[in-house]
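Please work from the sequences and hints to get the whole structure.
Heads up: the protein sequence lines correspond to chains B and V, in order. Just so you know, the first sequence maps onto residues 1188 to 1467 in this note's numbering. Just so you know, the second sequence maps onto residues 78 to 583 in this note's numbering.
Just so you know, the hints here were simulated from the structure itself, not pulled from any lab data. We treat Cβ as the ideally placed atom computed from N, Cα and C, and that holds for glycine. Be aware that a few hints might be false.
If the Cβ cut is set under 8 Å, some of the chain B residues that face chain V in the computed set are [claimed, not checked]:
#, residue
1, Gly-1194
2, Pro-1223
3, Val-1328
4, Ser-1344
5, Leu-1352
6, Val-1400
7, Ile-1402
8, Ser-1428
9, Thr-1429
10, Ile-1430
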Amino acid sequence: MGSPATGMVLTMLIVTDEEYASDATEAAVLSARQHPMRILTLIPRPGRGPDQIDAQIKVGGDDGPGEVAIVRLRGNRSAHANSVVIPLLLPDTPVVAWWPADAPPVPADDSIGRYAQRRITDLSTSPDVPKALAERRAGYVPGDVDLAWTRLTSWRSALASMLDLTQGPIRSAVVSAEPDNASAILLASWLRECLNAPVEFRTSEGPGITEGVLITPAGDLRIARPDNNVASLSRPGVPDSTIALPRRPLPELLSEELRRLDPDEIYGEALLGTASASSI
Amino acid sequence: MTNPLRDPRDRRLPKVAGPCSMILFGVTGDLARKKIMPAIYDLANRGFLPPGFGLVGFARREWADESFAAEVHDAVREHARTPFREDVWAQLSAGIRFVAGDINDPKAYGRLKAEVSALDRERGTMGNRVFYLSIPPGLFPVVVSNLRGSGLTESHEDEWRRVVVEKPFGHDLASAEALDVGLGEAFAPDEIFRIDHYLGKETVQNILAVRFANAMFEPIWNCNYIDNVQITQAEDIGIAGRASYYNSIGAARDVIQNHLLQLLALTAMEEPPSFSSDQVHAEKEKILSAVQLPDDIDLHTARGQYAAGWQGGVPVAGFLEEEGIPPDSTTETFAAMRVTVESRRWAGVPFYIRTGKRLGRRVTEVAVIFKRAPHLPFASQAVEELSDNALVFRIQPDEGITVRFGSKVPNTASMEVRDVTMDFQYGESFVDTSPEAYERLILDVLLGEPPLFPNSTEVDLSWRILDPVLDRWAELGQPPQYASGGWGPASAYDMIARDGRTWRRP
Ligand SMILES: NC(=O)c1ccc[n+]([C@@H]2O[C@H](COP(=O)([O-])OP(=O)(O)OC[C@H]3O[C@@H](n4cnc5c(N)ncnc54)[C@H](OP(=O)(O)O)[C@@H]3O)[C@@H](O)[C@H]2O)c1
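Here's what the structure looks like:
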């Protein structure tokens, strides 16, 4: 593949089944406007059919500066996606691998993940979050990151900016969320790591995370988001206020993820911390 | 105490501004409706506005809070960049207040103060205030003295006050200094934020990134390798209905004093020890104080007014026929000049600056043009089509960088060299994540981070550069006409031809 658009900053390898392929590719294409990239969507289709590789290629166009190839690997070939990938990696630029669902146990050891310095998984698509979380933890290598963590940024930022305005120690904290919400579990773990204080997890009806509370001697700092967009903030001695805390669409999450490609240590600590959380 | 949730390694968490209220003067104006209020909504929508934010509009209208909120609503719906969300709007509008009054009436400021204090109680804005003066600069002194009289500019411990003003920052050195004195009555220098929306553009900030983050540009960034620098800001439109504003300002004051001299400073400045605002300002100030005009202004500057003609297949009116422009107007719509930077790095390198309305296309760029290779081992015919190497920062549109260099023509038996260009397209702005310049600047005001705002020394130095040219032009009467849709008057071509050079076609 020649490269008419010379501004490419990375190669994105999306490994997915048919179900997630088009949403993920579309998100990457939108994200490529901010981070011009070559996108290779690899769809392994094992099974008895003929051994065959089908590829669809789009270069330039109205979608933005990205280049896209959607590659279906059938039959035997499905196990050898890496051999297709090698010649297509942009020279000397970072590689990112993304599994929109069904990530391998150790992404960094995976035949595709091996090429990537940033490996993106998504716990929220897992049918069994506690099991998947344990797997992410066991297989964690710096450079891994999960979109369940990316989804948390606005919550973490809101909690941190509340705390900017307060003095004094935090005794404990509470996170309320739908059961088995991966982001909420990571949030609780992050709070525990940072505050060095007990964090209670309460289940609620959702959607997603509905409340975060920091308990101080002076009173509670509370962020409550009963629906998807707007949260109310309350702290002692100050009138309640509201902020937008929208659940962000996939392209935005991906763009945030691609802004920095060095390992996210804070995520690593929060992820590993979930081991103690699940035992509470 | 440090915040345990903020870890320096955690670079995802954005800075969120502290609680405050913004008091907006000139809410009925063009700028407030098209830029400021939509940007505030966009910030709210992206979750960047502080919890506890209030917006107080002030104007000579008999509006209730709700009718003002409806005005803001319409402006937001029409001009906001991000999608309109009812619930975000609801939370923003709950903090919107309106105060009716005349800017000259001290009593109105008493009411303003009462409203702002009520917001502190009701919305938790905590006594922090931003005064945004989106009004003609002639009104600044009266606003500032009335604000002071009402006690609105006094702050208690832990509270802050900031004032935002828009260009033009005066119309010459004397008036700029007078403006500073006026604002200085009530605000300290670091509380004054002068908005030059160009400096909020990511591509402008990218000039510093490209220069100072790389090994390969800085070694050749000097008079040994650079022949000249051409900075262009061109618009294809005319004055677009802003006759009274434009007629009193002209191209040089409108664009060169602020945008283009800032671009020059960023292109020419030395590497700052760090990107702290003090140090960036210090380097920019050094460059601006080293800028010299040519001895003979007439020979090395050019000005003009666009004539009636055709542009893009449509007939267009000349400047003097535009509604609201007197037929004897001496205001220039095109301005060009040569300046030099008196330093070792830039000795003998001319900087050509130009701006104009109704030019060939809408474009802003900084083109760094290199000297020819000292020796060309080719037959002279072989390099006939080779021109000078160039590195171009494209500020808008198509933000990015272009490099031009010579390369072999394919399929020729003998060696033939011609120019080729290599384009880097900067990632363009994209749905909700990439902020518009105004969002960025307003957020920086709320955060109290001044690196992107010119300080008063830079403003004064820029006027010091421009004033002698403006004075000389004022003696010369009406500027010559130039054809709409081209690249300016004949005198612009002549001034650069005198130096044995040509303008690049942007
Ligand atoms: N528009 C732009 O794109 C742009 C770009 C850069 C800088 N600027 C600068 O930004 C500022 C605002 O520009 P603009 O285009 O919005 O100007 P504008 O449309 O002329 O609006 C000026 C505002 O000032 C108010 N005003 C004028 N005289 C007043 C008085 N005696 N008492 C009370 N209010 C008065 C007007 O209120 P009324 O409705 O009651 O008259 C209006 O709200 C100016 O300093 C301008 O130079 C504008």
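Practice problem: Any hints from earlier that this structure breaks? Give me their numbers in increasing order, please. | Solution: 3, 6 and 7
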